[in-house]
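Trainee: Here are the chains, one letter per residue:
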Amino acid sequence: MSDTENQTPEEKAAAEEKAAAAAKAKAEREAAEAAKPPWERDPVVPEWQEAEGDPLAEALRASFGDALLSARTFAGDLVLMVDRSSIREVCRSVKEDHGYRLLVDICGAHYPEREVPGFEVVYIAYNFEENRRVRLKVEVEEGVEVPSVIPVWEGANWTEREIYDMFGVRFTDHPDMTRILLWDGFNGHPLRKEFPVEGIDTGAAIYPEYYDEQAGPVAGSGTGWQPPKEEEPEDETN
Amino acid sequence: MTDPNTPATTPETLLGLEEMVLNFGPQHPATHGVLRLKVRLDGERIVDTYPIIGYLHRGTEKLFELHPFFQNVPHTDRMDYVAAATSNLAYVGAVERLTGIVVPPRARWIRTLLAELQRIASHLLWLATHAIDIGAMTPFFYTFRERELILDLFEEYCGARLTLNCMRPGGQPYDLTVGWAERCAEFIEDFPSRIDDYEGLLTENRIWKKRTIGVGVLPPDVAISYGVTGPMLRGSGIGWDLRKAMPYEAYDEVDFDVPVFHNCDTYDRYLVRMEEMRQSTRIVAQCLDKLPEGPIMAKRPRVLKAPKQSEVYYGIEGPKGEIGFYIVGDGTPNPFRCRVRPPSFFNLQVLPGMVHGQLVADLVAVIGTTDIVLGEVDR
Chain A
1 MSDTENQTPE EKAAAEEKAA AAAKAKAERE AAEAAKPPWE RDPVVPEWQE
51 AEGDPLAEAL RASFGDALLS ARTFAGDLVL MVDRSSIREV CRSVKEDHGY
101 RLLVDICGAH YPEREVPGFE VVYIAYNFEE NRRVRLKVEV EEGVEVPSVI
151 PVWEGANWTE REIYDMFGVR FTDHPDMTRI LLWDGFNGHP LRKEFPVEGI
201 DTGAAIYPEY YDEQAGPVAG SGTGWQPPKE EEPEDETN
Chain B
1 MTDPNTPATT PETLLGLEEM VLNFGPQHPA THGVLRLKVR LDGERIVDTY
51 PIIGYLHRGT EKLFELHPFF QNVPHTDRMD YVAAATSNLA YVGAVERLTG
101 IVVPPRARWI RTLLAELQRI ASHLLWLATH AIDIGAMTPF FYTFRERELI
151 LDLFEEYCGA RLTLNCMRPG GQPYDLTVGW AERCAEFIED FPSRIDDYEG
201 LLTENRIWKK RTIGVGVLPP DVAISYGVTG PMLRGSGIGW DLRKAMPYEA
251 YDEVDFDVPV FHNCDTYDRY LVRMEEMRQS TRIVAQCLDK LPEGPIMAKR
301 PRVLKAPKQS EVYYGIEGPK GEIGFYIVGD GTPNPFRCRV RPPSFFNLQV
351 LPGMVHGQLV ADLVAVIGTT DIVLGEVDR
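Here the protein sequences come in this chain order: A and B.
To convert, note that position 157 of the first sequence is 157 in my numbering; the numbers rise steadily by one, no gaps.
To convert, note that position 84 of the second sequence is 84 in my numbering; the numbers rise steadily by one, no gaps.
Quick caveat, the hints were computed from the structure, so don't treat them as lab data.
Just to be clear, a hint being listed does not mean it is correct.
As the list claims (entries may be wrong) - Cross-link-like lysine-lysine pairs, in silico, DSBU-like; alpha carbons within 30 Å at most: (1) A/Lys36 x B/Lys308; (2) A/Lys193 x B/Lys244; (3) B/Lys308 x A/Lys137; (4) B/Lys62 x A/Lys36; (5) B/Lys290 x A/Lys193; (6) B/Lys299 x A/Lys36; (7) A/Lys26 x B/Lys308; (8) A/Lys24 x B/Lys299; (9) A/Lys95 x B/Lys290; (10) A/Lys137 x A/Lys95; (11) A/Lys12 x A/Lys24; (12) B/Lys244 x B/Lys290; (13) B/Lys305 x A/Lys137; (14) B/Lys299 x A/Lys137; (15) B/Lys290 x A/Lys36; (16) B/Lys290 x A/Lys137; (17) A/Lys26 x B/Lys299.
To be verified - Anything over 10 Å on all C-beta distances counts as not near chain A; from chain B, calculated: (18) Asp42; (19) Glu44; (20) Leu149; (21) Leu151; (22) Thr177; (23) Ile188; (24) Glu253.
These numbers come from a predicted model, not from an experiment.
Beta carbons are placed, not taken as given, at the ideal position from N, Cα and C, and that holds for glycine.
Pulled out of the complex, with its shape left as it was, chain A reads as follows (with noise of 0.2 Å):
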């Protein structure tokens, strides 16, 4: 906008100036919030970095090469992605060779937005000599299995069946791959995100002479369900 070129000597002493000061009263505003303690200075947003050097990194690519799709951290936290069809390898080395004996969570998230959309497959571990956790994440697309941590963690059992109910990524050679929280027979998969917040009514599941399987209808659109009418009896006395 501004044309530096027309600008008078006077004015361009001015802007100099007016930046000069600009600078100093913004380096005394950071002495300032540097003097102060931490919880009053502005908060410093964690940000993703490259984990160069990290011994647990550097050992799973030297091992499984391009499996390992990355390697970064954030907020402290180690976060590997790991190709899908090589994760139960890639847990088993991570528990048996390194350490991370126990099993902290698995979960899932639905990204519909991504370029491939789909799900993330996360999962935590512990390792109790190093008291260190790592994250192992896997991105799957609908329809596409995971393999089942199960035989490296039994644990992972109940957490598997969880993301099926919820997200409706399943596993495979899971021994039981049905509902857990939900009832058998829901119609959907309620933590996606284009599943709706009042929920649905399955009523095709609940009420198979009404509905057709998976068209139950979708609550908050009106069309919820409605007890059959039942006919009138006639009345009689008149």
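Starting from the structure of chain A, add chain B where the hints point.
Mentor: Below, chain B without anything else, positioned relative to chain A:
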């Protein structure tokens, strides 16, 4: 000659001794809520147990995605509804790590104080229900008397007794009220003698020992492989406590011991929790002693936004085990995804293994010793 295709007539079939399936719960006082177990029995012996959960599912993780970070704290109250303060603490801690907020010292100490009072309250409720399940009526009245005092302290601090909503991302909503510390100190001074009372009723009680020693054995390697944490893990000989391993809030500045017992049975888990109450008492006393002056709330934006493509997992030692939050942020004021790592969910998963081959009556003892809260299992 007998035909191999027709079932042989054995004394068992004649007497009707084949296996029987018993539906245990979901409406049963000993299931501590709405847990349902399909139990296959051979006489009094348990052959197989299949837990069926989800009767208390309220879609909390979906609700987290609807509300801004500040407004999600009350949802955490309703997961482990007998230990709301520790759920609050895990959630606000995760949000603080996600957004880089640093909490002032006084708020950290108040949080430690509340979390430990909550641990005592939770263990008292566990002891009451566990003992009453096994048949000891008296501890129930004693422990509820003391739990009431803790709930009164909470009520005075934040106005609520169970669903506390007593922490915020960035610090504490209120300072301690006038005279609160004195009343808390009074309770803490008195409390160890009350623990002696409970132990006098149970620890050397012959019936109690008969019902708990050797019941519900959980070997340490099984416990680890199933992700069991908390007092259950410490009763199996592994002295792992997140308060020591990854100290948060003010735990690195207080002195306490982590009790460990090695027999892996119900009795040892009882001993662990009793000792934990004593240690919590110690921590509360130190908190009251060392409580620093100063602000209780950090500088925080009016609308808290998580950075884009951010994610964090943060776990703390709750009364029942590691309670953690995995939060994904996408640059909006709401969490994109908020996953709870409920300790009861993982601890309940080993139940079938622990009761295999035991008596039906022991099933009740083992459910008690796992200390589950179905609000947290089902979310």
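Trainee: Could you run down the list of hints and mark each one as holding or not?
Mentor: Okay, the hints, checked on the actual structure:
no.: 1; hint: A/Lys36 x B/Lys308; result: 27 Å, holds
no.: 2; hint: A/Lys193 x B/Lys244; result: 38 Å, violated
no.: 3; hint: B/Lys308 x A/Lys137; result: 18 Å, holds
no.: 4; hint: B/Lys62 x A/Lys36; result: 38 Å, violated
no.: 5; hint: B/Lys290 x A/Lys193; result: 47 Å, violated
no.: 6; hint: B/Lys299 x A/Lys36; result: 11 Å, holds
no.: 7; hint: A/Lys26 x B/Lys308; result: 27 Å, holds
no.: 8; hint: A/Lys24 x B/Lys299; result: 24 Å, holds
no.: 9; hint: A/Lys95 x B/Lys290; result: 41 Å, violated
no.: 10; hint: A/Lys137 x A/Lys95; result: 15 Å, holds
no.: 11; hint: A/Lys12 x A/Lys24; result: 18 Å, holds
no.: 12; hint: B/Lys244 x B/Lys290; result: 19 Å, holds
no.: 13; hint: B/Lys305 x A/Lys137; result: 24 Å, holds
no.: 14; hint: B/Lys299 x A/Lys137; result: 33 Å, violated
no.: 15; hint: B/Lys290 x A/Lys36; result: 23 Å, holds
no.: 16; hint: B/Lys290 x A/Lys137; result: 42 Å, violated
no.: 17; hint: A/Lys26 x B/Lys299; result: 20 Å, holds
no.: 18; hint: Asp42; result: 22 Å, holds
no.: 19; hint: Glu44; result: 27 Å, holds
no.: 20; hint: Leu149; result: 32 Å, holds
no.: 21; hint: Leu151; result: 30 Å, holds
no.: 22; hint: Thr177; result: 22 Å, holds
no.: 23; hint: Ile188; result: 28 Å, holds
no.: 24; hint: Glu253; result: 17 Å, holds
Checked against the numbered hints given earlier, the structure breaks hints 2, 4, 5, 9, 14, 16 and satisfies all the rest.
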